[in-house]
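A.B. asks: Chains as they are written, first to last, in the working numbering: chain U, 1 to 354; chain Z, 1 to 354; chain E, 1 to 354; chain D, 1 to 354; chain A, 1 to 354.
To be clear, the hints were calculated from the coordinates, so they are not data collected in a lab.
One or more of the hints may lead you astray.
Stated by the list, open to error - Only pairs whose alpha carbons sit at most 30 Å apart, straight line, appear in this in silico DSSO-like list of lysine-lysine: (1) A/295 <-> U/295; (2) U/194 <-> U/240; (3) Z/295 <-> Z/240; (4) U/255 <-> U/240; (5) E/295 <-> Z/240; (6) A/226 <-> U/295; (7) E/349 <-> E/289; (8) A/289 <-> Z/295; (9) U/295 <-> A/289; (10) A/349 <-> Z/289; (11) A/295 <-> A/226; (12) U/349 <-> Z/351; (13) U/295 <-> E/240; (14) D/26 <-> D/240; (15) Z/289 <-> A/240; (16) D/194 <-> E/351; (17) Z/295 <-> A/26; (18) D/43 <-> D/26; (19) U/43 <-> U/26; (20) Z/289 <-> Z/240; (21) U/255 <-> U/162; (22) A/240 <-> A/226; (23) U/255 <-> Z/194; (24) D/351 <-> D/25; (25) U/240 <-> D/240.
Unchecked claim - Counterexamples of contact, computed for chain Z against chain E with all Cβ distances above 12 Å: (26) 41; (27) 97; (28) 164; (29) 193.
The beta carbon of each residue, even a glycine, is placed where N, CA and C say it ideally should be.
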Amino acid sequence: MTNLLQIRKRNIGRSPDDLYFRGGKKADSVRLRLIDFNGDILKEDTVETVQEVLALRTRNSVTWLNVDGIHDPEVMDEIAKGFELDRLILADVMNTEARPKVQEHSNCVFVSIRMLQHNDATDQVEVENLSIVLTRSTLISFQERAGDVFEPIRERIRAQKKRIRNSGTDYLAFALLDIVVDNYILVTSMLGEKIDDLEDTLLSEPTQSVIDRINTYKSELNLLRKNINPAKEMIQSLSKLESDLIEDSTDIFLKELENNINQATESANIQREILSDQLTIYHTTISSKLNDIMKFLTVFSVIFIPLSFIAGIYGTNFDVLPELHYRYSYYIMLCAMGVVAISMLIYFKRKKWL
Amino acid sequence: MTNLLQIRKRNIGRSPDDLYFRGGKKADSVRLRLIDFNGDILKEDTVETVQEVLALRTRNSVTWLNVDGIHDPEVMDEIAKGFELDRLILADVMNTEARPKVQEHSNCVFVSIRMLQHNDATDQVEVENLSIVLTRSTLISFQERAGDVFEPIRERIRAQKKRIRNSGTDYLAFALLDIVVDNYILVTSMLGEKIDDLEDTLLSEPTQSVIDRINTYKSELNLLRKNINPAKEMIQSLSKLESDLIEDSTDIFLKELENNINQATESANIQREILSDQLTIYHTTISSKLNDIMKFLTVFSVIFIPLSFIAGIYGTNFDVLPELHYRYSYYIMLCAMGVVAISMLIYFKRKKWL
Amino acid sequence: MTNLLQIRKRNIGRSPDDLYFRGGKKADSVRLRLIDFNGDILKEDTVETVQEVLALRTRNSVTWLNVDGIHDPEVMDEIAKGFELDRLILADVMNTEARPKVQEHSNCVFVSIRMLQHNDATDQVEVENLSIVLTRSTLISFQERAGDVFEPIRERIRAQKKRIRNSGTDYLAFALLDIVVDNYILVTSMLGEKIDDLEDTLLSEPTQSVIDRINTYKSELNLLRKNINPAKEMIQSLSKLESDLIEDSTDIFLKELENNINQATESANIQREILSDQLTIYHTTISSKLNDIMKFLTVFSVIFIPLSFIAGIYGTNFDVLPELHYRYSYYIMLCAMGVVAISMLIYFKRKKWL
Amino acid sequence: MTNLLQIRKRNIGRSPDDLYFRGGKKADSVRLRLIDFNGDILKEDTVETVQEVLALRTRNSVTWLNVDGIHDPEVMDEIAKGFELDRLILADVMNTEARPKVQEHSNCVFVSIRMLQHNDATDQVEVENLSIVLTRSTLISFQERAGDVFEPIRERIRAQKKRIRNSGTDYLAFALLDIVVDNYILVTSMLGEKIDDLEDTLLSEPTQSVIDRINTYKSELNLLRKNINPAKEMIQSLSKLESDLIEDSTDIFLKELENNINQATESANIQREILSDQLTIYHTTISSKLNDIMKFLTVFSVIFIPLSFIAGIYGTNFDVLPELHYRYSYYIMLCAMGVVAISMLIYFKRKKWL
Amino acid sequence: MTNLLQIRKRNIGRSPDDLYFRGGKKADSVRLRLIDFNGDILKEDTVETVQEVLALRTRNSVTWLNVDGIHDPEVMDEIAKGFELDRLILADVMNTEARPKVQEHSNCVFVSIRMLQHNDATDQVEVENLSIVLTRSTLISFQERAGDVFEPIRERIRAQKKRIRNSGTDYLAFALLDIVVDNYILVTSMLGEKIDDLEDTLLSEPTQSVIDRINTYKSELNLLRKNINPAKEMIQSLSKLESDLIEDSTDIFLKELENNINQATESANIQREILSDQLTIYHTTISSKLNDIMKFLTVFSVIFIPLSFIAGIYGTNFDVLPELHYRYSYYIMLCAMGVVAISMLIYFKRKKWL
């Protein structure tokens with residue numbers, strides 16, 4: 001049994017508001033980054049403690065606290081106390097294995113989703129949990145490790161683009177989820193392109209390596225689907241949620257989000273069908289090649305069988321075997337063999353066996 | 001990574017109301033065509049700027065502005081301002097990869113759908129995005145490139161056919177979508193006919209080229225389904241939409257549209273089953289042909305095996321091998337071989353192996 | 001491209017209330033048959049013009065006008081005017097390719113369905129479109145060609161059976177649809193019987209003709225399913241329809257109709273599974289037969305291989321080959337061969353290869 | 001065409017309230033059995049005519065009339081008149097091919113369902129139609145032939161068990177349906193057990209008889225599913241039915257019934273998957289056995305091929321063939337053959353082909 | 001027929017409130033364990049009779065009675081009387097084969113579910129039925145045998161953890177179900193890990209034992225799915241239940257439970273797909289290995305066929321066969337054979353048959 005299973009086993013029966021970290025640790029320390037903004041002001045800082053955050057918040061502004069690293073129960077506890085959040089929420093944040101979900105609490109909305117990001121260095125898709133806690137004036141986002149996926153949003157905030165600077169935390173939450181979903185579409189498209197590339201080599205060189213690649217892509221696709229499908233459910237619940245914290249003007253963006261994630265799942269489904277078709281094509285090609293070989297070789301053998309038989313007859317040592325003594329017997333035999341071979345070839349050609 | 005993927009990657013995190021073109025450019029310039037009509041009047045013109053359009057509109061008329069080419073953010077911006085449309089809508093128009101959808105805005109309904117058209121020259125199905133913005137008195141349709149799919153509608157308007165001349169923008173929108181769906185049915189039927197043609201060659205000449213055609217049709221069908229299925233969803237939402245902009249009298253036409261698109265999807269599904277059946281038939285035929293060959297050849301070999309064995313025995317050089325010295329041994333051996341061969345043939349015939 | 005496709009292509013973009021005939025013409029002339037009845041009176045006539053029909057109608061009676069032949073736009077136009085029907089309805093009647101549907105109009109209910117009828121002469125299922133327009137006092141039924149499917153209903157009307165003579169147009173419509181659905185069940189059962197008959201020959205004589213019959217039945221079944229499934233949807237909509245024209249007392253009959261058509265679709269689905277199972281059984285039987293052959297023949301060859309090898313050794317011409325000169329060598333060799341052959345047979349028997 | 005089909009064909013277009021028997025006759029005469037009971041009294045009798053039944057009924061009691069044999073239109077007509085039932089209901093009772101259904105009438109609820117019963121003598125599942133007509137004080141159950149499936153209920157009534165003696169007709173109806181569903185579970189479990197038994201023989205002795213049994217069980221399972229699935233639908237409708245005739249206290253029993261029938265369908269579905277898995281396992285085992293044989297035999301042949309070739313060379317009659325004249329040539333040849341054979345064996349072993 | 005089937009057969013037609021034990025007996029005696037607690041007090045005891053329990057209950061406390069062993073109708077009867085429960089509920093408790101369900105009664109909520117627990121000793125998953133009866137102040141849990149799955153909850157109660165000590169019976173019920181679902185996730189993950197381990201051996205050593213393990217895992221997975229899927233339905237009904245006995249604050253925990261069980265079913269579904277993929281990979285690998293062997297061996301045979309034929313020709317005994325008498329004939333023949341063999345090898349190499 002692996003470590004993970006043993007941890008899981010030990011934790012069965014724990015109270016749901018226990019703050020303990022479930023999952024593999026991906027960061028060494030916790031980093032708190034704060035952006036506080038509205039149409040007019042913009043403060044950006046990296047802080048040390050939750051207390052600092054509380055001090056830095058401006059009245060009438062949107063405060064975005066980004067937490068990189070979710071393994072430290074003490075920080076979580078401080079956050080729970082500082083922002084008056086139910087401990088259940090923080091316990092959920094620390095559980096990286098939970099399914100994506102939306103939960104409405106009395107003073108906040110809790111959203112969790114998996115981020116999929118293509119690591120260009122390793123050519124692998126990396127999975128990370130993102131939790132978002134949305135209150136009236138503050139949005140806290142929790143990531144498992146430091147990373148700059150959300151840099152474009154920070155850019156938009158800094159650039160004083162109107163909509164995000166003048167909207168509330170709900171629009172900010174949408175912007176974060178939008179980037180996550182855009183990455184879904186990107187990783188799905190990247191896989192799709194690899195799968196399309198396979199198509200050509202499939203017919204020309206159906207080697208074992210092709211089948212290995214099909215299997216690899218299949219399990220990569222399973223990874224995507226396993227993460228995207230529950231996210232789709234979550235976003236559907238979110239766009240149906242009737243919460244005071246989500247303004248009517250944000251509804252249209254959530255609908256858009258639904259549309260986008262549908263695009264990702266549809267494209268994943270299509271790729272799945274394509275992979276399964278490719279597998280069929282592979283097998284068809286392989287077996288048709290083998291059949292050609294077997295057919296050729298069998299026909300080849302069959303032509304020689306009667307020839308060898310004839311030679312065998314004249315290899316017998318009977319005292320009385322008149323043909324042996326005619327002068328042209330040997331040449332007649334050779335001619336006969338040629339006739340037999342050629343007529344068999346013609347027969348096979350006609351039957352389209354060659 | 002292809003260009004498309006790189007563009008997509010660069011655009012992750014953009015604000016949803018940013019006007020930038022997503023997709024491959026299909027037209028060089030933007031062309032604005034205007035038809036302004038009601039029961040009495042009819043004006044038709046190609047204009048240069050959005051301002052001209054605004055000036056040409058008549059009171060109490062339906063104004064149809066057709067925009068060919070959607071890659072120019074400036075034109076889009078002008079349209080947004082001229083018709084007081086949310087910039088989000090125009091951003092959607094410029095995104096040719098978005099899923100077909102219906103969106104209700106305060107002053108308009110936005111509809112987008114993929115047009116499928118069979119290009120007779122290349123024998124290919126061409127895909128193009130169509131966006132329709134429907135306001136009380138104006139309908140703006142956006143196409144990716146110039147083309148005259150909608151010519152029959154212009155003809156109907158010119159011909160002073162009553163219903164379209166006396167109806168509002170909603171009926172015009174229906175007419176446009178109706179043509180799109182009619183084209184769905186057409187391209188599906190055309191593919192269906194090709195697939196039916198395959199049926200005959202399938203049994204008579206099951207060559208590799210047949211399997212290639214099946215695979216080609218399969219991917220063509222996937223293209224159709226990928227575009228038609230989301231359109232079906234969209235049209236269902238549209239016919240459920242309760243908007244002031246869509247009059248009750250148009251409802252029956254939208255129902256009709258739903259019926260038509262159902263016909264297209266059903267026919268695509270049936271073709272899919274047929275293709276999959278054809279693949280099975282192909283494999284059955286091929287493998288049954290191969291089996292016949294192998295069976296024939298094996299039986300053939302087996303008949304000669306004991307014959308050659310007999311000849312082999314009398315080819316041995318033992319000092320004492322009495323049969324060699326009888327006068328008719330050779331002829332007896334030949335007869336014995338004939339008997340063996342014939343009885344084996346009879347046996348195989350009886351067992352239905354031949 | 002076939003004629004049908006070209007017609008379809010030409011008609012893209014036509015106004016939905018254009019009266020033009022879509023489909024293959026199946027009748028030469030239009031025939032109008034009229035039955036006018038209530039509990040007391042009964043008039044039956046074949047008329048020439050729509051005007052005659054209008055004149056013949058009695059007050060307080062049910063008028064059933066049956067139109068055989070739907071290709072003539074003029075007759076359709078007359079009917080539209082005579083009975084004050086929306087031209088859309090007649091356009092739908094003339095479109096034999098439309099999906100079965102129910103449409104509620106202000107003064108009538110429009111129902112269309114495919115009739116399937118087994119032609120005993122050709123042993124083929126014939127498909128024909130049936131449209132029914134239901135007003136308060138008149139029912140118009142449109143068939144593509146003359147035929148007497150509805151003769152039993154006429155008999156029931158003539159026989160003064162109480163329910164049909166005392167009921168309204170809605171019960172008459174039910175009676176017509178009921179016959180159509182009864183025919184669905186009949187043709188499905190007839191196919192089902194053929195499929196069951198196949199079962200026996202399948203195991204005893206799995207020849208190519210069996211597979212051809214399976215494929216034929218499969219496409220016949222597809223034809224049925226393609227027509228029955230949309231009819232099921234239509235009847236479900238009909239029984240949910242809340243129209244003044246359909247009395248509460250008719251609801252129970254419509255439910256019955258739903259039940260019956262469900263029976264037809266279920267039975268079609270089961271037959272589909274059976275066919276697919278039969279295909280599997282066929283392949284299993286064939287491949288197991290082939291395996292038996294190959295196994296037998298291979299074993300046969302293998303037994304002779306060492307025997308021929310032994311004979312080959314004693315066919316060599318070495319100067320010193322002592323065995324050749326012993327007196328009983330030849331007989332010993334024959335015995336040795338027998339021993340080898342028999343022990344191999346025993347070995348194969350034990351391994352269950354024979 | 002079979003008789004059944006011809007009967008069906010003749011009956012197309014009949015009025016739905018015609019009392020004629022559809023199906024195969026399973027009983028010679030009609031038997032009426034009456035139980036009349038409440039908490040205090042209990043009368044049990046076999047009666048001759050419907051009039052007797054009406055006379056025997058007690059005020060304030062539950063009257064259960066069980067009718068064995070449904071082929072006699074006269075008896076049906078008497079029942080319709082005696083209990084003031086719509087003739088439609090009795091027509092439905094006589095139609096043994098109709099789907100299970102629930103129908104609410106003004107004065108009664110009509111329920112029909114298929115009974116499945118395992119006949120221990122023939123080891124076959126027998127199918128029989130059960131119809132139940134439920135009025136305020138009377139329950140009439142119709143069976144196709146005499147049988148004592150309901151004996152346990154009579155026992156419960158006689159035993160003065162409280163609930164059934166003090167409940168109304170609705171509880172009695174539940175009790176009847178409960179027995180039917182219990183039998184569903186029983187026959188499904190019995191089949192399930194046979195299928196489980198197959199598992200062992202499948203791997204040890206994969207003979208043709210195994211595949212025949214799999215096919216037999218498959219069609220038995222299809223029979224069960226064909227009857228149980230529509231019954232499930234029917235029971236769901238029944239438990240949703242809001243009728244005065246069904247008291248609230250009975251609801252919980254109907255829910256229970258739903259649960260039980262779900263259990264039957266789930267178990268049937270699981271068995272279906274198991275059968276399909278077994279088929280796969282069978283084919284895998286068979287083909288892997290055949291592969292072993294072919295591999296063995298091919299390797300065997302291949303070893304002898306070069307040996308025979310060597311012997312063939314020294315069987316040639318060239319004047320100059322020096323090896324023939326060395327003293328130990330023959331022995332050297334035998335040794336060489338041994339070396340070739342053994343090294344090939346080693347090679348094949350290493351490649352894991354043996 | 002097995003014992004179980006015979007018991008089942010005997011019990012058909014029993015009244016639903018009969019207290020008799022259905023299933024295999026798993027415990028010898030009945031054990032009653034009582035915990036009575038609220039924020040302040042905590043009593044824990046093992047009692048003998050139901051009367052003791054009633055005496056031990058405190059006012060304003062939560063009483064948790066755990067019953068190990070459900071086979072004794074007398075104890076069940078006492079419980080029914082002591083806690084004023086409907087006998088139906090206890091009959092359900094004693095039926096270990098019923099499907100998981102939620103039932104609302106006037107004074108209690110009844111919940112039943114299957115517990116799955118991995119037995120580390122036997123490496124088997126054990127299935128046990130858990131029934132929970134939830135009243136305002138008392139929760140009774142019924143297990144089939146003694147076991148300490150719920151020990152962590154007792155620990156939490158003893159440890160005076162706030163939430164469970166201060167919550168009602170509904171939270172306690174959630175805590176019990178939560179442990180059950182956590183075990184679902186655990187057993188599913190453990191199986192998942194075994195399946196993942198298979199992946200490697202699959203490609204390197206595709207032996208029969210691999211296929212046996214795949215089949216074993218498949219049936220283990222079926223066992224899980226058969227138990228988890230109905231539990232999911234049950235939990236969905238529970239979280240939709242509007243009962244006074246379940247407080248609003250517990251709703252969020254039930255939602256969590258739903259999320260968790262969804263995770264279990266999703267993971268089971270994914271494992272099912274993986275197993276099915278593995279089976280395909282296995283067959284592909286096996287058949288590609290076999291193909292390699294057959295190809296190699298056939299090519300090998302084919303090369304020797306013409307060589308043996310040549311030797312055969314010069315083994316004939318014709319009087320006139322000039323080649324036999326040339327001096328270098330023998331060497332020429334050997335060279336010719338070499339040339340033939342090598343050119344065939346080259347040909348096969350080029351055609352990629354080797």
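A.B. asks: Each hint should be assessed against the structure and marked as holding or not.
C.D. replies: Verification of the supplied hints:
{"no.": "1", "hint": "A/295 <-> U/295", "in the structure": "holds (11 Å)"}
{"no.": "2", "hint": "U/194 <-> U/240", "in the structure": "violated (36 Å)"}
{"no.": "3", "hint": "Z/295 <-> Z/240", "in the structure": "violated (63 Å)"}
{"no.": "4", "hint": "U/255 <-> U/240", "in the structure": "holds (9 Å)"}
{"no.": "5", "hint": "E/295 <-> Z/240", "in the structure": "violated (65 Å)"}
{"no.": "6", "hint": "A/226 <-> U/295", "in the structure": "violated (48 Å)"}
{"no.": "7", "hint": "E/349 <-> E/289", "in the structure": "holds (19 Å)"}
{"no.": "8", "hint": "A/289 <-> Z/295", "in the structure": "holds (23 Å)"}
{"no.": "9", "hint": "U/295 <-> A/289", "in the structure": "holds (19 Å)"}
{"no.": "10", "hint": "A/349 <-> Z/289", "in the structure": "holds (27 Å)"}
{"no.": "11", "hint": "A/295 <-> A/226", "in the structure": "violated (45 Å)"}
{"no.": "12", "hint": "U/349 <-> Z/351", "in the structure": "holds (27 Å)"}
{"no.": "13", "hint": "U/295 <-> E/240", "in the structure": "violated (63 Å)"}
{"no.": "14", "hint": "D/26 <-> D/240", "in the structure": "violated (33 Å)"}
{"no.": "15", "hint": "Z/289 <-> A/240", "in the structure": "violated (60 Å)"}
{"no.": "16", "hint": "D/194 <-> E/351", "in the structure": "holds (29 Å)"}
{"no.": "17", "hint": "Z/295 <-> A/26", "in the structure": "violated (59 Å)"}
{"no.": "18", "hint": "D/43 <-> D/26", "in the structure": "holds (28 Å)"}
{"no.": "19", "hint": "U/43 <-> U/26", "in the structure": "holds (28 Å)"}
{"no.": "20", "hint": "Z/289 <-> Z/240", "in the structure": "violated (55 Å)"}
{"no.": "21", "hint": "U/255 <-> U/162", "in the structure": "holds (21 Å)"}
{"no.": "22", "hint": "A/240 <-> A/226", "in the structure": "holds (23 Å)"}
{"no.": "23", "hint": "U/255 <-> Z/194", "in the structure": "violated (39 Å)"}
{"no.": "24", "hint": "D/351 <-> D/25", "in the structure": "violated (68 Å)"}
{"no.": "25", "hint": "U/240 <-> D/240", "in the structure": "holds (28 Å)"}
{"no.": "26", "hint": "41", "in the structure": "holds (20 Å)"}
{"no.": "27", "hint": "97", "in the structure": "holds (26 Å)"}
{"no.": "28", "hint": "164", "in the structure": "violated (7 Å)"}
{"no.": "29", "hint": "193", "in the structure": "violated (6 Å)"}
The structure shown violates the earlier hints numbered 2, 3, 5, 6, 11, 13, 14, 15, 17, 20, 23, 24, 28 and 29.
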